[in-house]
Structures are given as C-alpha cells and as structure tokens.
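Enquirer: Given the sequences, and given the hints that come with them, work out the whole structure.
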Amino acid sequence: MNSEVIINARKDLHGVSCPMNMVYTKVALAELGPGQILEVILDDGPPINNVPGSLKREGHEILRQQQCEDGSWALLIRKSD
Amino acid sequence: MIDFTTEQLNRYSRHILLKDVGVEGQVKLGRARVLVVGAGGLGSPAALYLAAAGVGTIGIVDNDQVDISNLQRQIVHGTKDIGRSKVESAAEAMRAINPDVEVRPLATMLCADNIMEIIKDYDFILDGCDNFPTKFLVNDACVMAGIPFSHGGILRFDGQTMTVIPGESACYRCVFRQPPPPDSVPTCSQAGVLGAIAGMLGTIQTAEALKYITGAGRLLTDTLLSFDASNMDFRKVALRRQDDCPVCGARPTITELTDAEQTVCALKK
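Quick mapping for you: the protein sequence lines, in order, are chains P and D. Note that the first sequence covers residues 1 to 81 in my numbering. Note that the second sequence covers residues 1 to 269 in my numbering.
Hints are computed from structural coordinates only; laboratory data are not their basis. Some hints could be false.
Straight-line Cα separation of at most 35 Å, DSBU-like style, residue types lysine-lysine; simulated pairs [to be verified]:
| hint | chain 1 | residue 1 | chain 2 | residue 2 |
| --- | --- | --- | --- | --- |
| 1 | P | LYS11 | D | LYS28 |
| 2 | D | LYS19 | P | LYS11 |
| 3 | P | LYS56 | D | LYS236 |
| 4 | D | LYS211 | P | LYS56 |
| 5 | P | LYS11 | D | LYS211 |
Expert: In structure tokens form, the structure reads like this:
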C-alpha cells in the first residue's frame, strides 16, 4: 500500500472500548462515500483485536494497520463500494 | 444526515452494530411511523419493542380499559393501571422506555368509518386485535390504502402470523376468504391462552415491522408462519396471491369497507 493514500476522515477512538469503538467507526463510515478512506485510532488489546475483523465482515477493506508509539493503533479503512 | 447524540448512539448501539441495520437502518427507524392495532397481548410486546427500537412515531389504537384478567399476558400494563385506558397506560410505558419516540394513543375502536383516516399516517400496521371482523377490516383497508401490515393471531398454545405487502404478496383474504361464523371459533376469554405465546407472536410481528423499515432480511410474505407452543412446533406454509381474491384479486368484489358484526367485542363479562 503506498503511503500517498488520501485520507477523507479521521476518528480518534483513544479510550473508547468495545463495542462503542465499532459504533463510532460505523458512524464515521456512514458519512463517507463508497471507496473513501477513514483512519481510526484504536487502543491496543480488545479494540485492535476486534474492530478490524468486524469491519471486514461488513465488506470494508483494511488498507493498513500500524502501531503508534504510545501503543495504540492507526487503522486505515477503505469503505465498501 | 446523521445527527445522533452520544446518548442515542449508546441506546441504539446494538442495532447500529448489525450489518443489516447499521447507522442507515437506525435513521430509517427514527423516521418510520408504525400503528399498533390493539394494546393487548400482541400489542404489548410490539409497543414496547417498537419504542425501544426508536421507531420515531408509534400510534396505538384500542378502546378498552385495563382489566385484571389482561395482566397475565398484556405486559405493557401493570397492576396499578387496572381501570385505565389501555392506550394511555401503554403510552406511559413506551415513553418510559424511550423518550425519543412520539407515541400517539388513540382511544377509539377501529371501524369502517375511521380506519382509512387513521392508517393513512403510517408506513406499517401491526395488527394485534382480538377479533376476526377487525382483522378483515385491517386487511381490506391496508390493501386499499397500499400499506404493508403484519397479521397476527393467538389462541390457547397456538399462534399464526403473516406479513402482507399489498399488490405484491398474498393478503389475509387470499388465504381466509371471510370471518368464520360467529361463535364457531372461541375467543381467548373462552378458550384461554398461554400468556407467553402473546410475547412469542407479538415479537415476531415486531421483528417483521423492523425488518420492513430497515430492509433487513426476508419478510414473512407469501408465507403463513404458525406454531403450536405445546410441542414448540413451528411451521411455514407457502402462500400465493389469488387471482380471485375478493379484495386484492383481478376483479375485486370488496371495494368499500363495511363493519361486520362485532360478535367478539360483545363478549364482555
């Protein structure tokens, strides 16, 4: 994945636990068009272990999943068509 | 377009998490208008779950007062409500569950003269009435007005339900041509009914209403679902629209609404 991808929206979900992190991610995705890119920041542990799988099951694509210095994760999601 | 408060996102999170409901489905629920016919055994769970689901406008029509014999199954009412108008009692419980929804209590009896005026403001009708004349009246009026509805009925340990999309799927009269002769079928007050089956059937009907609004899944159209809770047997019977149906067929013979004899409603102790 090249790093020049255009991010259409960002949502910081530091400190937001399951399942509300998925709810907020879905709300953020609902505001985007098909194929647009959302970046969410998720806590380490259950959030990063659960949210990406849930998004894939809904047909979205995970473009990148990168751990940040503070241990949280930056997740790049491409909204389903 | 999406203007949920944090509180609403928390309240509706378990809907929003569903792939087939999601944010969009919850928005549709908030904009939807559903009428519950009867604040009794079927209408009780329906009213509570529709309110809990955040259906934006919920009408509930019934002309009865709460009686102690209702409380074994009509769970929207409490002991303190005995003697109160059923729709007022139901409205209070619904608003207590979810202050977001607009509840319209209609303390009147549905009849040929008022039904069209009442149902025209709704997207879906959930029929939980307790008598055949009203069931046929709801069917005929909904077919004429083109409003989808759920039919439901319970007796003893048995329940049956079907969902009707007028003009597309079989209507109640495609299956049952006319009300049975008076006194040929006992009522709940004569034959009895297991309280919990009111919940079983009323919640199936409510799920159909929520599915219709959100577009999730496949409806119980062209299908009669019946169950016998004594053995917990469930059965689906495939139905088809009937060309000679007197209300939705090619040459309808029922073109205006009339009140059949309200024998069941006359059965008061």
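Enquirer: Checked against the structure, which of the hints given earlier come out wrong?
Expert: none
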